[in-house]
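S.K.: Sequence:
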Amino acid sequence: MVKFSKELEAQLIPEWKEAFVNYWQLKKHIKKIKLSRKPKQSPEFDHECGRSIFNPIRFLSYKLSNAFFRSDSKTEIIQVRSKAMEDQDGNEDQDIIYKTELVQLFSEEDEVRIFFEKLDEELNKVNQFYKAKESELLERGDLLYKQLDVLLNLKQMLNLRRRKPNAGIIPPPSWSSSPRNSNYSDTSNGSNDIPEESSETDEVIAALEKNGVNFVNSATRSKTKRDGKPKMALRIDIPATTPTRAITAITSMLWEDLVNNPKKDGSRDFINRKKIQCAEKMIRGAYVELYRGLGLLKTYSSLNMMAFTKILKKFDKVSNQQASASYLKAVKRSHFISSDKVVRRMDEVESIFTKHFASDDRKKAMKFLRPQQQKDSHMVTFFVGLFTGCFVSLFSVYAILAHLSGIFRPNAETSSYVEIVYPVFSVFALLSLHLFMYGCNLFWWRSARINYNFIFEFQPNTALKYRDAFLICTTFMTSVVSAMVIHLLLRANGFSPTHVDAIPGILLLIFMAFLVCPFDFLYRPTRYCFLRVMRNIICSPFYKVLMVDFFMADQLTSQIPLLRHLESTACYFLAGSFRTHKFETCNNGRLYRELVYVISFLPYYWRAMQCARRWFDECDANHLANMGKYVSAMVAAGVRLTYSRQENHLWFGIVLVTSAIATVYQLYWDFVKDWGLLKPKSKNLWLRDDLILKNKSLYYISIALNIVLRVAWVETVMRFRFSIVESRMLDFFLASLEVIRRGHWNFYRLENEHLNNVGKFRAVKAVPLPFRETDSDG
1 MVKFSKELEA QLIPEWKEAF VNYWQLKKHI KKIKLSRKPK QSPEFDHECG RSIFNPIRFL
61 SYKLSNAFFR SDSKTEIIQV RSKAMEDQDG NEDQDIIYKT ELVQLFSEED EVRIFFEKLD
121 EELNKVNQFY KAKESELLER GDLLYKQLDV LLNLKQMLNL RRRKPNAGII PPPSWSSSPR
181 NSNYSDTSNG SNDIPEESSE TDEVIAALEK NGVNFVNSAT RSKTKRDGKP KMALRIDIPA
241 TTPTRAITAI TSMLWEDLVN NPKKDGSRDF INRKKIQCAE KMIRGAYVEL YRGLGLLKTY
301 SSLNMMAFTK ILKKFDKVSN QQASASYLKA VKRSHFISSD KVVRRMDEVE SIFTKHFASD
361 DRKKAMKFLR PQQQKDSHMV TFFVGLFTGC FVSLFSVYAI LAHLSGIFRP NAETSSYVEI
421 VYPVFSVFAL LSLHLFMYGC NLFWWRSARI NYNFIFEFQP NTALKYRDAF LICTTFMTSV
481 VSAMVIHLLL RANGFSPTHV DAIPGILLLI FMAFLVCPFD FLYRPTRYCF LRVMRNIICS
541 PFYKVLMVDF FMADQLTSQI PLLRHLESTA CYFLAGSFRT HKFETCNNGR LYRELVYVIS
601 FLPYYWRAMQ CARRWFDECD ANHLANMGKY VSAMVAAGVR LTYSRQENHL WFGIVLVTSA
661 IATVYQLYWD FVKDWGLLKP KSKNLWLRDD LILKNKSLYY ISIALNIVLR VAWVETVMRF
721 RFSIVESRML DFFLASLEVI RRGHWNFYRL ENEHLNNVGK FRAVKAVPLP FRETDSDG
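Numbering (UniProt numbering), first residue to last: 1 to 778.
Warning: the hint list may mix true and false statements.
To be verified - Here are the simulated PhoX-like cross-link-like pairs (lysine-lysine), alpha carbons at most 25 Å apart as the crow flies:
no. : residue 1 : residue 2
1   : K3        : K694
2   : K131      : K332
3   : K118      : K131
Said to hold, decoys possible - Computed spacing ranges between beta-carbons, pair by pair:
no. : residue 1 : residue 2 : range
4   : S482      : S359      : 45 to 51 Å
5   : V397      : F368      : 47 to 53 Å
6   : K765      : R409      : 54 to 60 Å
7   : F495      : R527      : 30 to 36 Å
8   : P768      : V711      : 41 to 47 Å
9   : S5        : A513      : 48 to 54 Å
10  : F551      : G494      : 45 to 51 Å
11  : F542      : M306      : 45 to 51 Å
If you are wondering where the hints come from, they were derived from the structure by calculation, not from laboratory data.
Using N, Cα and C, we set each Cβ at its ideal position, and we do this for glycine too.
All chains should be modelled from the sequences, with the hints used to inform the complete structure.
M.R.: Below you can see the structure in the form of C-alpha cells.
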C-alpha cells in the first residue's frame, strides 16, 4: 500500500503546492508528541542517584496522565472555536478563523498545543485560499455569461440579416435572455416571435445597452447609461496567434460591419461570420479553462480533507485519544468543504457548453471539458528498444565499412565524400541529438513535477511524451545510419556517383514529406504545432510572442551549424552539382559568403525581434536588455566569420573583445534571468530560495558546465590545423556540445518559469475574451 504522503505528493497541484496542508510538517509534530510520551526511565527509581523525595509526586503524575490516555470517556478533549474576521472598515467579513483550545491535560501538553496551533494555521490557510480562488473563478464565470450572451445575440442578429438582407438590422426576440436558462438555438426557423422589419439602429443600440453593451469607437452615437456599472465594449480582440498588423484592419470593429456599413453583397457577411467564429472559439476556450480551474479547486478540497483526516487519525493513535471526531466536525463546517458553489458552477458550465458549443451532444462536450490523456503504450517502449539496438548495430557496421573503404584517410575521394554526404547526415544527426535531449528534458520535467504542458500551452491529450521523443529520435537515427551504410555499399560496388549521391537528397525529401503530411498519423498534432511555431518565429515581430515561440527560437540559436548544412545541401541539389559531382560550386563565391553571414545571423535576429515585440506589448525594459544580448551575439558571430577569411592581429583582437563581451552577457542572462540563480541574499548560497532539485551541488555543477560549454568559440579563434575529415569531425563535435548545453539549459529555464507560476499560484491559463469590459460611462 502506498503511503498517503507519497499519494498526496503525486496528486497535488504543483502550482498550488504551498497552499496545500503541510502534511509532512504535521507528521513531524506527531513524531515529537510520540517521543515526548516515552518515559526515559521508570519514575519509581533513580538508577543513578537512588531514591528522591520527589519520586512519589512523579509517580502520581505519571499514573494520572496514563489514566487520561486510557480513558474511554466521550468527553471532548479539545474545543475548536471560530470567529469572523473584520475588514479595515470594521465590518464583519466572511473569513472565519479557527482556534483550538485543549480541554484535558496532556503529559506532553506543550507538544500537543503546538500541534493544534499548526493544525489551525493550516486549516485557516486552506480555507482562505479556497475562498479566494472560488471567488476568482465565480467572477470569471459571471463575465463569461455576459460574453456568451452578447455572442448569442450577435449570432442571431447575423442569421436574421442573412435571411432578410434588405431589412437592415433586426433585433433578436429576447435581448435579456441569459445563456444559463435560455432556449436559444443557432438555427432560427423564422417563427412569429421575430419582430417586423426595422431600419432604426437606435432601437438596436438601446436594446443592447440594457444589457450593458457599449459600442466603442463607433461612428453612431450611443445612448450611454450612467448607472456606474461596467459596460461590455463590443470589440473582438485579436487572438495571440494572429498577425497583428495584417488582421487589425479586417477585425477592427464588428459593430461597424454589422450596423454602420451594411452592404447587400455577401462580402461583409463573410467577414462578420469569421469574426463571430473567432469570438466563439475564444469564449469556448475560456469555458474549457474555467471548467479546468473548477475541477482543480474541487481536487484541492478533497485532497486537503483527506490530509486532515489522515493526520488526525495519526494523532489519535499516538495520544490514545479521540480528538479527530471533534476537529473533523470543524473541518467539515469550514468553507472549503461546506461550500457547494464550485460543484454547482461545474454543472452549469457542463450544461452551457453542451448546449451552445457541442450541439447538445454531451459526449462531444466532455471531450473538450475533460480531455483524456493518452495512456503510455508498451509498444512505444518496445520500438524504442528495438530501434536503439538497430542503430547501435548499424553504426558499428558503418564504422567498419568506412574504415575498410578508406573514408577516414585524406585524399580526393574522401574530400568529395565529406563535402557531399556529410552535410545532410549531420543535419539528421544534430536534429536527432536535439530530440534526444528534449526527450531527456521531458523525463526530468515529469520527474520534478514541472507542469511543462501548462507552461507551453500544449494540449495534454496530444502533447509529446518523453517515450515518444525517444521513439522519433531512434527512428531518425536508424534511418540515417541505414542510408549511410547503403550509400557506402553502393559506392564500393562501383555504382554511378551521380545516382549514389542522390541518396542523401532523397532522405531529406522523405523527411520533409513526413513533416507536412496531412494524414493523422506520425504525431500530426506535434508536427503541425512545430510548423506553426516556426511560422511565428520566421514572421517575427508580426506575431504576438508566446512562451513556446521564444523557447523554440532559443533552440534555433544553438542549431546554426544545422542551418548552414541545410543551406549547402539545398545548394548542392538545386544547383545540379550532384550531377556534375562538383561540390566547389556551393563552397565558393560571393553569394556563398553572404549566405553564411545571413544564416549565422538569422536565429539571433529572430530572437531579437521577439524581444522587441515583447517590449512593445508589455513595456518591460528587461526585454530590451535581452535583445541586446542577441545583438552582441550577432556582432561576435559576424566578427568571427570575418576573421576566418582575414586572419590578422587587428581582427584577432576584435574577435577576442566582441566574443568575450557576448559570452559574459550570455552567462549573466543564463544564470540570473533565465535560471534565477546567483541571488546574493538567498538562503541557498548564490542560488535561489526555492529549489526543485534536492541536491544543491547539481546547481553549482550546472553553472560550471554552462560556463565551459559557452566558451567553445575559443576553438574558432585558435585555428587548430586538421585534415578535412578531422576538421569536419571537430565541427560536428562542437555543434553537438552546443546542443547538449541547450538541453541542459532547458531544464533550469523551465524550472524557473514553473517556480514563478507557483509563486503566483497560476494553474489555469488566462484566455483573452473577445468583448472588452470597460468602466467608463461613454
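S.K.: Hints numbered earlier in the text: which of these fail when held up against the supplied structure?
M.R.: When the structure is compared with the hints, none of them turns out to be violated.
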